[in-house]
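Colleague: Listed here are the chains, written in short residue letters.
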Amino acid sequence: MLKTRIIPCLDVIKNKVVKGVNFKNIRVMGNAVEMAKYYSLSGADELCMLDINASYQNRKTFIKTVEAIAKVINIPLTVGGGVSDLSDITDLLNAGADKVSINSAAVKNPKLIRQASLRHGSQCIVVAIDGKRHKNKMKVVIKGGREITKRELISWAKQVQSMGAGEILMTSMDTDGVQNGFDSNMLKKVTSNVSIPVIASGGVGSLEHFYLGHLTKSTGLLAASVFHSGKYKIKTVKKYLSSKGVPVRT
Amino acid sequence: MRKKVIGLIDGQSGNIGSINKAIKDIIKGRPYRLKIIKGHFNYSSFDKIILPGQGAYATLMSNLKKLKIIKPLKEYLENNSSYLGICVGMQILSDWGYEDKITRGLGVISGDIKKFRNKKLIIPHMGWNTINLNNDDTIITNSFDKKDFYFVHSYIFQNIKKSDILAFTLYGQKFPSIVKKGNIYGVQFHPEKSHKHGLNLIKNYILKS
Numbered sequence: 001m002l003k004t005r006i007i008p009c010l011d012v013i014k015n016k017v018v019k020g021v022n023f024k025n026i027r028v029m030g031n032a033v034e035m036a037k038y039y040s041l042s043g044a045d046e047l048c049m050l051d052i053n054a055s056y057q058n059r060k061t062f063i064k065t066v067e068a069i070a071k072v073i074n075i076p077l078t079v080g081g082g083v084s085d086l087s088d089i090t091d092l093l094n095a096g097a098d099k100v101s102i103n104s105a106a107v108k109n110p111k112l113i114r115q116a117s118l119r120h121g122s123q124c125i126v127v128a129i130d131g132k133r134h135k136n137k138m139k140v141v142i143k144g145g146r147e148i149t150k151r152e153l154i155s156w157a158k159q160v161q162s163m164g165a166g167e168i169l170m171t172s173m174d175t176d177g178v179q180n181g182f183d184s185n186m187l188k189k190v191t192s193n194v195s196i197p198v199i200a201s202g203g204v205g206s207l208e209h210f211y212l213g214h215l216t217k218s219t220g221l222l223a224a225s226v227f228h229s230g231k232y233k234i235k236t237v238k239k240y241l242s243s244k245g246v247p248v249r250t
Numbered sequence: 001m002r003k004k005v006i007g008l009i010d011g012q013s014g015n016i017g018s019i020n021k022a023i024k025d026i027i028k029g030r031p032y033r034l035k036i037i038k039g040h041f042n043y044s045s046f047d048k049i050i051l052p053g054q055g056a057y058a059t060l061m062s063n064l065k066k067l068k069i070i071k072p073l074k075e076y077l078e079n080n081s082s083y084l085g086i087c088v089g090m091q092i093l094s095d096w097g098y099e100d101k102i103t104r105g106l107g108v109i110s111g112d113i114k115k116f117r118n119k120k121l122i123i124p125h126m127g128w129n130t131i132n133l134n135n136d137d138t139i140i141t142n143s144f145d146k147k148d149f150y151f152v153h154s155y156i157f158q159n160i161k162k163s164d165i166l167a168f169t170l171y172g173q174k175f176p177s178i179v180k181k182g183n184i185y186g187v188q189f190h191p192e193k194s195h196k197h198g199l200n201l202i203k204n205y206i207l208k209s
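Residue numbers (the working numbering), protein chains in the order written: chain A, 1 to 250; chain B, 1 to 209.
Hint data in this document are derived by calculation from the structure and do not stem from the laboratory.
Computed from a predicted model, the values in this text were never measured in an experiment.
Don't be surprised by glycine CBs; every beta carbon is placed ideally from N, CA and C.
Treat each hint with caution, since some may be false.
Have a look at the derived ranges for each label pair, beta carbon to beta carbon [unchecked claim]:
1) A:T250 <-> B:R2: 40 to 46 Å
2) B:L199 <-> A:R114: 31 to 37 Å
3) B:K208 <-> A:L215: 41 to 47 Å
4) A:S243 <-> B:P31: 44 to 50 Å
5) B:K120 <-> A:K233: 30 to 36 Å
6) B:M1 <-> A:I26: 55 to 61 Å
7) A:V178 <-> B:K4: 54 to 60 Å
8) B:N159 <-> A:T250: 30 to 36 Å
9) A:E208 <-> B:K120: 23 to 29 Å
Restricting the straight-line Cα-Cα distance to at most 25 Å, the calculated cross-link-like pairs of lysine-lysine (DSS-like) are [as the list claims (entries may be wrong)]:
10) A:K71 <-> B:K38
11) B:K114 <-> B:K181
12) A:K71 <-> B:K147
13) B:K203 <-> A:K37
14) A:K158 <-> A:K19
15) A:K244 <-> B:K146
16) B:K21 <-> A:K37
17) A:K158 <-> B:K120
18) B:K119 <-> A:K188
Throw the hints in and build the complete structure from the sequences for me.
Modeller: Below you can see the structure in the form of structure tokens.
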């Protein structure tokens with residue numbers, strides 16, 4: 001039986017894992033390579049790392065960090081943040097990423113999804129979608145939620161699937177960073193309209209939130225703060241999910 | 001003592017970094033040598049060959065053809081030499097692949113590579129799933145039975161002889177997750193991404209037999 005994946009997410013600047021609510025009050029949580037190694041050893045099913053400040057100067061150090069992490073873990077690694085074209089994707093795959101996640105660049109130029117999946121295979125192209133409610137509609141947002149685009153969330157999710165995305169990393173900007181739980185309503189809308197895997201992201205604060213995330217039919221559950229702060233160990237989350245009858249890898 | 005030579009084929013089908021590193025870690029301090037195969041090779045100079053693959057069947061076959069690897073690889077396999085195919089590297093052992101376009105495979109293990117039949121499934125089959133061994137094996141021993149490995153694929157081995165299936169996995173249906181014929185092994189999952197059980201499997205493949 002396929003297991004629900006527990007995926008710690010590292011928001012990275014250069015080689016440091018950071019945490020900030022809505023990109024404000026950024027705090028250093030630790031060294032990215034050390035944390036990645038720790039999560040791989042402690043039962044994470046996959047790792048996600050995002051370059052949250054992908055400036056030209058920081059990029060080189062970030063890529064070196066990806067290389068260093070790929071060398072010390074042996075679980076799948078998804079890398080994103082600041083991916084703007086095909087050569088960025090190739091660079092990250094060459095650095096050792098198993099999957100690359102694209103967000104704003106796909107919104108601006110959806111053809112990039114098709115080009116990337118034709119070149120590298122759908123299995124390594126993740127489209128990250130940031131959703132937010134605006135005037136009673138679910139819209140796609142970019143720039144960390146600061147810019148609301150014209151795209152309607154569900155039709156965009158269907159479009160990225162038809163253009164060859166292998167997976168959707170779905171973050172609700174309405175719940176991200178506040179630890180009140182995943183956006184079940186938004187996630188269910190997405191999972192019931194696509195047939196590719198969906199990773200739920202944004203809002204985990206308690207063990208029950210993971211379970212509620214599983215009920216949205218998301219096959220991956222992503223979290224950052226609850227793991228980085230030490231509130232929960234991955235094993236604790238899996239033990240809890242298993243007690244609720246959710247299949248997990250032990 | 002002559003060192004055993006392990007060939008790792010770079011079919012330009014995904015990154016070989018992880019598997020390359022895994023092999024190097026295993027053979028460190030042991031009488032083995034690793035050679036990356038990027039073109040025509042002398043099939044008799046290898047003791048074991050590993051072919052990892054991601055992406056599409058047709059792409060891998062056409063890459064191998066361009067790189068002039070098909071002919072020596074077929075000669076190698078016809079001699080029942082030791083082989084481990086990973087993901088698409090397993091799939092091309094079949095007669096035909098049906099991904100994108102119908103493509104002829106290596107024809108070593110009879111069967112076809114076709115899409116999961118159940119239309120309600122989330123595809124690709126992505127994540128950790130359990131393997132169920134049909135019988136004990138010298139390399140893939142009972143200790144691997146019921147263990148989880150990392151899968152990512154949309155196509156599966158079909159119309160395959162029962163006797164060529166070493167392990168199966170459940171996802172909407174039963175499908176072969178490990179195939180075996182003589183010394184030729186194929187795994188549908190990615191052992192190089194499957195943490196300790198995956199690394200143990202690669203280790204057994206290299207050190208046993």
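Colleague: Using the beta carbons of V178 of chain A and K4 of chain B, state whether their distance is inside 54 to 60 Å or not.
Modeller: 57 Å, holds
Colleague: Against the 25 Å threshold, does the CA-CA distance of K203 of chain B and K37 of chain A hold or violate the hint?
Modeller: Between K203 of chain B and K37 of chain A the Cα gap is close to 21 Å, so the pair holds against 25 Å.
Colleague: Could you tell me whether the CB distance from K120 of chain B to K233 of chain A stays inside 30 to 36 Å?
Modeller: 34 Å, holds
Colleague: For S243 of chain A and P31 of chain B, compare the CB-CB distance with the range 44 to 50 Å and indicate the outcome.
Modeller: 48 Å, holds
Colleague: Given the hinted pair K119 of chain B and K188 of chain A, is their alpha-carbon gap at most 25 Å?
Modeller: Holds, at roughly 19 Å.
Colleague: Can the suggested window of 31 to 37 Å be confirmed for the beta-carbon pair L199 of chain B and R114 of chain A?
Modeller: Since the Cβ atoms of L199 of chain B and R114 of chain A sit about 35 Å apart, the hinted range of 31 to 37 Å holds.
Colleague: Holds or violated: K244 of chain A with K146 of chain B, Cα cutoff 25 Å?
Modeller: 21 Å, holds
Colleague: Go ahead and decide if the range 41 to 47 Å is satisfied by the Cβ distance of K208 of chain B to L215 of chain A.
Modeller: 44 Å, holds
Colleague: Within 30 to 36 Å or not, the Cβ separation of N159 of chain B and T250 of chain A?
Modeller: 34 Å, holds
Colleague: Does 40 to 46 Å hold as the CB distance between T250 of chain A and R2 of chain B, or does it fail?
Modeller: Holds: the Cβ-Cβ distance is about 42 Å, inside 40 to 46 Å.
Colleague: Sort out whether K147 of chain B lies within 25 Å of K71 of chain A, counting only the CA atoms.
Modeller: 24 Å, holds
Colleague: Taking the beta carbons of M1 of chain B and I26 of chain A, is their distance inside 55 to 61 Å?
Modeller: 57 Å, holds
Checked against the numbered hints given earlier, the structure breaks only hint 14 and satisfies all the rest.
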